[in-house]
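Please arrange chain L on chain E, whose structure you already have, making use of the hints.
Protein chains: 2
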Amino acid sequence: MSSVPPSIDHAYDPERFRRDGHAVIDMLADALAKAHARTGVVLPWHGPEAARSEWGEAPLTAGSGELVADLARFVERSTQLAHPQCMAHQVPPPLPGAVLAEAVAALVNNGMAVYEMGPAAVPIELAVIEFLCARLGYPAGAGGVLTSGGSLGNLTALLAMRQSHAGFDAWKQGTHGGPALSVITSSDSHYSVSRAISIMGWGEAGVIAAPVDEHHRLTGHAVRVALHTARNQNRRVIGIVAAAGSTATGAFDPLNELADLCDREKLWLHVDAAHGGGVALSPTHRQKLAGIERADSVVWDAHKLLMMPALVTAVLFKQERHAYEAFAQRASYLFAEAHPETHWWDLGTRTLECTKRAMAVELWTALRVHGEAWFGEVIDRQVSLTRAFAQKITASSDFELAHEPELNIICYRHRTADNAELRRRVVEDGRFYIVGTKLGEDYYLRSTIMNPLTEETDFDRLLEHLRSLC
Amino acid sequence: MSSVPPSIDHAYDPERFRRDGHAVIDMLADALAKAHARTGVVLPWHGPEAARSEWGEAPLTAGSGELVADLARFVERSTQLAHPQCMAHQVPPPLPGAVLAEAVAALVNNGMAVYEMGPAAVPIELAVIEFLCARLGYPAGAGGVLTSGGSLGNLTALLAMRQSHAGFDAWKQGTHGGPALSVITSSDSHYSVSRAISIMGWGEAGVIAAPVDEHHRLTGHAVRVALHTARNQNRRVIGIVAAAGSTATGAFDPLNELADLCDREKLWLHVDAAHGGGVALSPTHRQKLAGIERADSVVWDAHKLLMMPALVTAVLFKQERHAYEAFAQRASYLFAEAHPETHWWDLGTRTLECTKRAMAVELWTALRVHGEAWFGEVIDRQVSLTRAFAQKITASSDFELAHEPELNIICYRHRTADNAELRRRVVEDGRFYIVGTKLGEDYYLRSTIMNPLTEETDFDRLLEHLRSLC
Numbered sequence: 028m029s030s031v032p033p034s035i036d037h038a039y040d041p042e043r044f045r046r047d048g049h050a051v052i053d054m055l056a057d058a059l060a061k062a063h064a065r066t067g068v069v070l071p072w073h074g075p076e077a078a079r080s081e082w083g084e085a086p087l088t089a090g091s092g093e094l095v096a097d098l099a100r101f102v103e104r105s106t107q108l109a110h111p112q113c114m115a116h117q118v119p120p121p122l123p124g125a126v127l128a129e130a131v132a133a134l135v136n137n138g139m140a141v142y143e144m145g146p147a148a149v150p151i152e153l154a155v156i157e158f159l160c161a162r163l164g165y166p167a168g169a170g171g172v173l174t175s176g177g178s179l180g181n182l183t184a185l186l187a188m189r190q191s192h193a194g195f196d197a198w199k200q201g202t203h204g205g206p207a208l209s210v211i212t213s214s215d216s217h218y219s220v221s222r223a224i225s226i227m228g229w230g231e232a233g234v235i236a237a238p239v240d241e242h243h244r245l246t247g248h249a250v251r252v253a254l255h256t257a258r259n260q261n262r263r264v265i266g267i268v269a270a271a272g273s274t275a276t277g278a279f280d281p282l283n284e285l286a287d288l289c290d291r292e293k294l295w296l297h298v299d300a301a302h303g304g305g306v307a308l309s310p311t312h313r314q315k316l317a318g319i320e321r322a323d324s325v326v327w328d329a330h331k332l333l334m335m336p337a338l339v340t341a342v343l344f345k346q347e348r349h350a351y352e353a354f355a356q357r358a359s360y361l362f363a364e365a366h367p368e369t370h371w372w373d374l375g376t377r378t379l380e381c382t383k384r385a386m387a388v389e390l391w392t393a394l395r396v397h398g399e400a401w402f403g404e405v406i407d408r409q410v411s412l413t414r415a416f417a418q419k420i421t422a423s424s425d426f427e428l429a430h431e432p433e434l435n436i437i438c439y440r441h442r443t444a445d446n447a448e449l450r451r452r453v454v455e456d457g458r459f460y461i462v463g464t465k466l467g468e469d470y471y472l473r474s475t476i477m478n479p480l481t482e483e484t485d486f487d488r489l490l491e492h493l494r495s496l497c
Numbered sequence: 028m029s030s031v032p033p034s035i036d037h038a039y040d041p042e043r044f045r046r047d048g049h050a051v052i053d054m055l056a057d058a059l060a061k062a063h064a065r066t067g068v069v070l071p072w073h074g075p076e077a078a079r080s081e082w083g084e085a086p087l088t089a090g091s092g093e094l095v096a097d098l099a100r101f102v103e104r105s106t107q108l109a110h111p112q113c114m115a116h117q118v119p120p121p122l123p124g125a126v127l128a129e130a131v132a133a134l135v136n137n138g139m140a141v142y143e144m145g146p147a148a149v150p151i152e153l154a155v156i157e158f159l160c161a162r163l164g165y166p167a168g169a170g171g172v173l174t175s176g177g178s179l180g181n182l183t184a185l186l187a188m189r190q191s192h193a194g195f196d197a198w199k200q201g202t203h204g205g206p207a208l209s210v211i212t213s214s215d216s217h218y219s220v221s222r223a224i225s226i227m228g229w230g231e232a233g234v235i236a237a238p239v240d241e242h243h244r245l246t247g248h249a250v251r252v253a254l255h256t257a258r259n260q261n262r263r264v265i266g267i268v269a270a271a272g273s274t275a276t277g278a279f280d281p282l283n284e285l286a287d288l289c290d291r292e293k294l295w296l297h298v299d300a301a302h303g304g305g306v307a308l309s310p311t312h313r314q315k316l317a318g319i320e321r322a323d324s325v326v327w328d329a330h331k332l333l334m335m336p337a338l339v340t341a342v343l344f345k346q347e348r349h350a351y352e353a354f355a356q357r358a359s360y361l362f363a364e365a366h367p368e369t370h371w372w373d374l375g376t377r378t379l380e381c382t383k384r385a386m387a388v389e390l391w392t393a394l395r396v397h398g399e400a401w402f403g404e405v406i407d408r409q410v411s412l413t414r415a416f417a418q419k420i421t422a423s424s425d426f427e428l429a430h431e432p433e434l435n436i437i438c439y440r441h442r443t444a445d446n447a448e449l450r451r452r453v454v455e456d457g458r459f460y461i462v463g464t465k466l467g468e469d470y471y472l473r474s475t476i477m478n479p480l481t482e483e484t485d486f487d488r489l490l491e492h493l494r495s496l497c
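Chains E and L, in that order, are what the protein sequence lines are. Going from the first sequence to our numbering is simple: count from 1 and add 27. Going from the second sequence to our numbering is simple: count from 1 and add 27.
Extracted from the complex, chain E is given alone in its bound form (with noise of 0.2 Å):
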């Protein structure tokens, strides 16, 4: 006889979740195929204010809500990133199997601080991060870690350089002190390393942002000057921060220029490979990472270009030693209790994260069933496609590039409108998404091509569209 009081058994039943989870397949399955078939808008643009009311409205105390109708309410009010019409920020439409791979790995919710609590996903996570260090060529030796996204990533390569470049132990003794560490990256780099330089107490000035050149490129000559400033300034630069996909304008950085730098200046080389990395699994394309196995560290998004539902990202180290050194420490209840040596199965040793997603199980799926090929075949057909548009762009009489895409992000605007005002009457119409950065001083509309089943007739519709809304 049970003494599970009903609401709770009921919550729990197995045969309530088929059927809901039976009704939530079909309705996501149909959202696909209406989103495929560019029906509906890609971005139901409500204005923030009106959606705040709208939606903090309904009731979350009552125990009166559907739970598969409040899915599907979601689904239909959210941008639709499976639309081909949406060429906007780096985020793909996911992988639908790769989807059904969280799911499964939320309900069996393993954390992965220590062995025990993910025995499968522990070491599935392992053979994805062996997989990912020999794509870059990263010699034997190599490691890392899955963890909550790129910004955290980056944190985790910057806290290992410290650790290893600083000169003294900066975890245990502290930087307060000590000389003023610095960083050198350019100045497109993305807003994470300066956030993760700031999180670390090195202030604004631990950022030597150089100038890029007119490919937005950092280049060693732009870091030999930016270092020449910093000593002169008594800041000690320990790094370089590189880009491979900056977030701009998708631009590579020159990684064995940099590399030669670092190796004669004795700084750690960090690549930003959030973006790029995934064209390690495109030989069309792979060329552009030359250099990127000399890197002490690299951060790669799979939910970018790998077409993973965020987040699943990679910190990986050329020497698996230092994916130990960002993090310092030990917890008893955890790590302590029955060896007091690190093991390479104990992962809340390498991560900020203690209990951790189970993101590996995701892509160790995806490649099993598509096999890594399928992975260059995306990537391809996002660059060719980005190729396009710009042909596309060079082509019209009213339109214009900010520079030749190196990958799949695009940047460009109307030679007369005020591009912002035009961006943001995209958005509020909604039948395109599309993104604006600044380059410069010099306002620009950003698309990236993410969506594989987007078509070059789709931008042609965009640019009409475009100059419908001048």
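Please keep in mind that the hints were generated in silico from the structure rather than gathered at the bench. The reader is advised that the hints may include incorrect statements.
Remember, identical chains collapse to one label, so a pair may be satisfied in a single copy or spanning two.
Claimed, not checked - Below, simulated SDA-like cross-link-like pairs (lysine to any residue); rule was C-alpha separation at most 20 Å, straight line:
#	residue 1	residue 2
1	K293	R251
2	K419	R321
3	K293	H248
4	K199	P75
5	K419	E231
6	K293	G398
7	K61	S30
8	K61	R43
9	K61	I35
Predicted, not measured: the structure shown is a model, and the values here were computed from it.
Relative to chain E, chain L alone:
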């Protein structure tokens, strides 16, 4: 005529997703039913080395995997949190409906750094934040953000503390060269607190661990002693980190007493309620949190007592403006393009994360479907089960308690056995799962009663099982 290659078209085919999705739902429903029936082991132990070679050998590149079979194998070889004999970490068997919500959020994949990236996800998050703030008893003007895990949550709160109480612009100027900053916390505080402090560069001396009293609580007296010592050592204490549900024993620090002291000394009060925050939804146990409404910041993991799949962490501030002070920064391509001022709807300004999972949807639907009172029922059951377990231990002649359980965490040991060795045998046997911890110098067995489907008879069988392994 589509130009999409067939392999890509097939991977994104909504009908393939529908077919695989139904199969995955059935597989998961069956696994749930099996676990609830106490069939099979809780922990399929193979040992980390064996597991690594087993899972490491699966080819990742060939495209020969089968999604549903791969996921079924993953489920089978994972720790079964849904099994009522799982009595281990502070990780719940997630509410099955919340797993469906996570799947929906994953397919939708709406990043949330700015409103337009999540036109439903952003207002839903804000509605959830408002609900949680209200339940803590925070006054109007409170606010916060959801983030990936309690460790990141504690770091976020402590960054806001630093910015508010350091006495200078720590974000901009850095902490290098300024005063030696510190926080006081209990010797039982979670390792993420000292981790956050070392990340910020304050070093190990940045955490002053005051001894706990006989109930494992941080008292005002202990803080005053620590404060005195710190000042003699020229360390500038700017805050106290209290626990509401400590990790080791579930103890609740006396928040009103600590808040009084913080008022008097002008210290920031952060409450790590990652575990215990949930009792705010239990009328029976809510008084354990008395005083939490006076905390400057609170971290509350919904993936603990609120039964969400990991990770859903709320970082809440009594004054919403502090939510913006943790990361005092902007990014051209996101925030600055149209609106120079900070907006409540651009969540990227308040979290380390740029792309963020729409994790609020899980809790929002769960609250709407089950109602707030349901969560209170679950917590009350967890607590009463834990008390029943404690009584059985006390009534036995061969086991003893470390302390009367405060909530749903219980530390105990066999009076004569080598308890660390005993636990090792439990783990390798796999029919039950318990963990262990050190309290002071003594090793104890430790269970967190998370599964509301556990019955009192499961404890009888656990004690018998332990005796049989002595």
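Right, here's what the structure says about each hint:
no. : hint        : result
1   : K293 x R251 : within (13 Å within a copy, 46 Å between copies)
2   : K419 x R321 : neither (38 Å within a copy, 59 Å between copies)
3   : K293 x H248 : within (16 Å within a copy, 49 Å between copies)
4   : K199 x P75  : neither (45 Å within a copy, 30 Å between copies)
5   : K419 x E231 : neither (41 Å within a copy, 58 Å between copies)
6   : K293 x G398 : neither (39 Å within a copy, 59 Å between copies)
7   : K61 x S30   : between (46 Å within a copy, 19 Å between copies)
8   : K61 x R43   : between (27 Å within a copy, 15 Å between copies)
9   : K61 x I35   : between (36 Å within a copy, 17 Å between copies)
Checked against the numbered hints listed earlier, the structure breaks hints 2, 4, 5 and 6; every other hint is satisfied.
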